[in-house]
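*Asks:* Work out the full structure: start from the sequences and follow the hints.
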Amino acid sequence: MELVERQLDLFEQEHAGLIGDSQAALRAYDDAPREEAEERYGDFLDLVETGQDELVEIREAYAHSLDEDAAAEYRDVFNRLVRKRLPRFGLELD
Numbered sequence: 000m001e002l003v004e005r006q007l008d009l010f011e012q013e014h015a016g017l018i019g020d021s022q023a024a025l026r027a028y029d030d031a032p033r034e035e036a037e038e039r040y041g042d043f044l045d046l047v048e049t050g051q052d053e054l055v056e057i058r059e060a061y062a063h064s065l066d067e068d069a070a071a072e073y074r075d076v077f078n079r080l081v082r083k084r085l086p087r088f089g090l091e092l093d
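In numbering that gives the first Met the number 0, the protein residues as written are 0 to 93.
Incorrect hints may have been included.
[Said to hold, decoys possible] Cβ-Cβ distance ranges computed for the label pairs, FRET-style:
id, residue 1, residue 2, range
1, Gly-16, Glu-91, 18 to 28 Å
2, Met-0, Glu-59, 10 to 20 Å
3, Ala-60, Glu-91, 10 to 20 Å
4, Ala-27, Leu-92, 34 to 44 Å
Treat the hints as calculated values from the structure; they're not laboratory data. Just so you know, even glycine gets a beta-carbon here, dropped at the ideal spot from N, CA and C.
*Replies:* Written as structure tokens, this is what we have:
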């Protein structure tokens, strides 16, 4: 668990721009007039997908160094902590 916490700390530092951009994109969607809302939501989803891809890359890079049982446990912990700390990026990590 401590390892995953450190990995997520590093992700948040290295991807602060992406996290901020996703927050701004969600606000833009919330504030958008009806005719622009769909496009704004698409922009938000693109940023979320980018974050998810980065997180999966981090998770899988480490999981591949573990045996099968340890990797499954690590993935569960990683996914749970992402959902807790970075919920917008953690919904579809499985």
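*Asks:* Could you run down the list of hints and mark each one as holding or not?
*Replies:* These are the hints, each one checked on the structure:
The supplied range of 18 to 28 Å is met by Gly-16 and Glu-91, whose beta-carbon atoms lie about 22 Å from each other. Between Met-0 and Glu-59 the beta carbons are some 18 Å apart, a value that agrees with the proposed interval 10 to 20 Å. The given range of 10 to 20 Å is respected by Ala-60 and Glu-91, whose C-beta atoms sit roughly 19 Å from each other. Between Ala-27 and Leu-92 the CB atoms are about 25 Å apart, so this pair departs from the stated range of 34 to 44 Å.
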